[in-house]
Each structure stands twice: as C-alpha cells, then as structure tokens.
Amino acid sequence: MLDAKNIENAKSMSIIVTKGSLDWAYPPFILGTTAAAMDVDVTMFFTFYGLPLLKKELNLKFTPLGNPAMEMPMMGGHMAMPNIVGMLPGVGAAAGTMMKNLIKKKGVASIEELREAAVEAEVKMIGCQMTLDLFEYKREDMIDEMEIGGAATYMEKALQSDINLFI
Amino acid sequence: MADQTLNAEGLNCPLPILRAKKAIKGMSSGQILEIRATDPGSVADFAAFCNQTGNALVSSSSEGDIYKFEIKVS
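Chains as they are written, first to last, in the numbering used here: chain A, 313 to 479; chain B, 1320 to 1393.
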C-alpha cells in the first residue's frame, strides 16, 4: 500500500469490483491505476463475478447479450446485435475476438497490462473470502498479491476513503 | 532541453498517464520529462494529473496530430 502519510493532500479511494467480463473489467482497473498514479491510496475489493479478475490466468469473455447499447464500429457505421443473434453458437466468441482486436488496434491497454500496473503501483487488491468459498476458487490459482478479506475488511477501508465506488 | 523523453504515441487512456508516472518515479526533483502523445484526451488528463500530483506542467502544445507536454518533476 502507498505510504500516503508524507504526501500533502493525500486522498484515498475504494472500489468494489463485482463484474469480470472483458468490458466491465476496464472501469475499475482504469480508475484504480490512474488514481494510484495520482498519489491516491487505492483499495480494490473483488467479489462475486469480479473475483476471477484476480486469477493468475485471465481468459476474459465478452458477450453482446443483454446489452442493447453495445454498438461495434463497422464499415464506417455502427452495428448493434439483437439478442437472438447473440445467442447463436459462436457469435459470442466472435464478438469477443472482435472486441480484443479493436482494443489492440486503438492502443487501449489489455486488462493484464492494467492489472500489472495496479500491482506495481501497490494498489491493495482484496479477494472476497466468501466468494472464494462459494465458487470454490483455490488460493493458489489467484495472483500472489491478492489479500483475503471480507465485508468488515472492506468497510474499514471504505470508512477512511474519500471516494468509494461500486462497479 | 528535456532530461528524459517518453513516447506515448498510439497509446490510449490511461496508458500515457501510467507511463508518465513510471518515468517520473525514476527522475529527480527539477528534471523535465517530455511526453509525446496522440491521444486527444491527454491534453485535459495531463493538466489534471499535474494539478493533483504537484508536478508542474511547463508546456502543453500540439503539432499536427502530436501532443507535446513538458512536466517539471516536483
């Protein structure tokens, strides 16, 4: 954790991370790493579907299902995908590949890269013990930097933080 | 003259800021870091970054599609 005691005007932020799909992984990691770069003391609490973001091997998926606002740039226009098309076999995987290609092409960081930056910036990453139990994740499958905690661990941090986000 | 330069061309938010922070960490007070970026959002972002971290944004300019920033490390 960043030693903020000696920094004038030091701030702190906590983020509850509840979603682990490729698209939803971005907001918490972008804000967490950027805040840390701006000398903010950051704590991220990974729970439910956010917890797989702390697995050593990331294999993030993306689905257009249930997301009518998703519009992929396509031949100068935009293409949304009706749910019934998104449900067809292979369409989800294809959309995921498209998204990853787009991310690379536009110079957007990968989640792996952002997580590495979070580790380097000493962002405190807490894995939810209850979620580990519930979905039977093994400690050794998760990154070494993960600390384990529960709701009270989060609350203690949140009560001291200037900013608390739920994503 | 800059003491160090950072090429952030082609990188999108928040990578230019993260790379700049990393570079600044390895520099000493009073040194100048020059950054070249292509992300139009970096103009507002480097101003905010410097405002918050206390490093001085000595210059912010653009030449064509390239944005150039000079940061004096605090």
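In case anyone wonders, no lab produced these hints; they're calculated from the structure. Treat the hints with caution; some may be incorrect.
Derived lysine-lysine pairs resembling DSBU-like cross-links, with alpha carbons at most 30 Å apart [what the hints assert, rightly or not]:
id	chain 1	residue 1	chain 2	residue 2
1	A	Lys368	B	Lys1391
2	A	Lys450	B	Lys1387
3	A	Lys417	B	Lys1341
4	A	Lys412	B	Lys1341
5	A	Lys450	B	Lys1391
6	A	Lys373	B	Lys1344
7	A	Lys373	A	Lys323
8	A	Lys412	B	Lys1391
9	A	Lys416	B	Lys1341
10	A	Lys367	B	Lys1387
11	A	Lys367	B	Lys1391
12	B	Lys1391	A	Lys436
13	B	Lys1387	B	Lys1344
14	A	Lys368	A	Lys436
Stretches of chain B that chain A covers, calculated by requiring three or more beta carbons in the stretch to come under 8 Å of a beta carbon on chain A [to be verified]:
id	region
15	1346-1355
16	1386-1393
Glycine included, each C-beta is placed from N, C-alpha and C at the ideal position.
Here is what the structure says about each hint:
1. A:Lys368 x B:Lys1391: Status violated; Cα separation ~38 Å.
2. A:Lys450 x B:Lys1387: Between lysine 450 (chain A) and lysine 1387 (chain B) the Cα gap is close to 47 Å, so the pair fails against 30 Å, i.e. violated.
3. A:Lys417 x B:Lys1341: At roughly 23 Å apart (the allowed maximum being 30 Å), lysine 1341 (chain B) and lysine 417 (chain A) satisfy the hint.
4. A:Lys412 x B:Lys1341: 26 Å, holds
5. A:Lys450 x B:Lys1391: Status violated; Cα separation ~46 Å.
6. A:Lys373 x B:Lys1344: Violated, because 34 Å separates the two Cα atoms, which is more than 30 Å.
7. A:Lys373 x A:Lys323: At roughly 33 Å apart (the allowed maximum being 30 Å), lysine 323 (chain A) and lysine 373 (chain A) break the hint.
8. A:Lys412 x B:Lys1391: Roughly 36 Å separates the two Cα atoms, so the pair is violated.
9. A:Lys416 x B:Lys1341: 22 Å, holds
10. A:Lys367 x B:Lys1387: 38 Å, violated
11. A:Lys367 x B:Lys1391: 38 Å, violated
12. B:Lys1391 x A:Lys436: 29 Å, holds
13. B:Lys1387 x B:Lys1344: 20 Å, holds
14. A:Lys368 x A:Lys436: It holds: about 16 Å lies between the C-alpha atoms, which stays within 30 Å.
15. 1346-1355: Result for this restraint: violated, n = 0.
16. 1386-1393: violated (count 0)
Going through the hint list in order, the structure does not satisfy hints 1, 2, 5, 6, 7, 8, 10, 11, 15 and 16.
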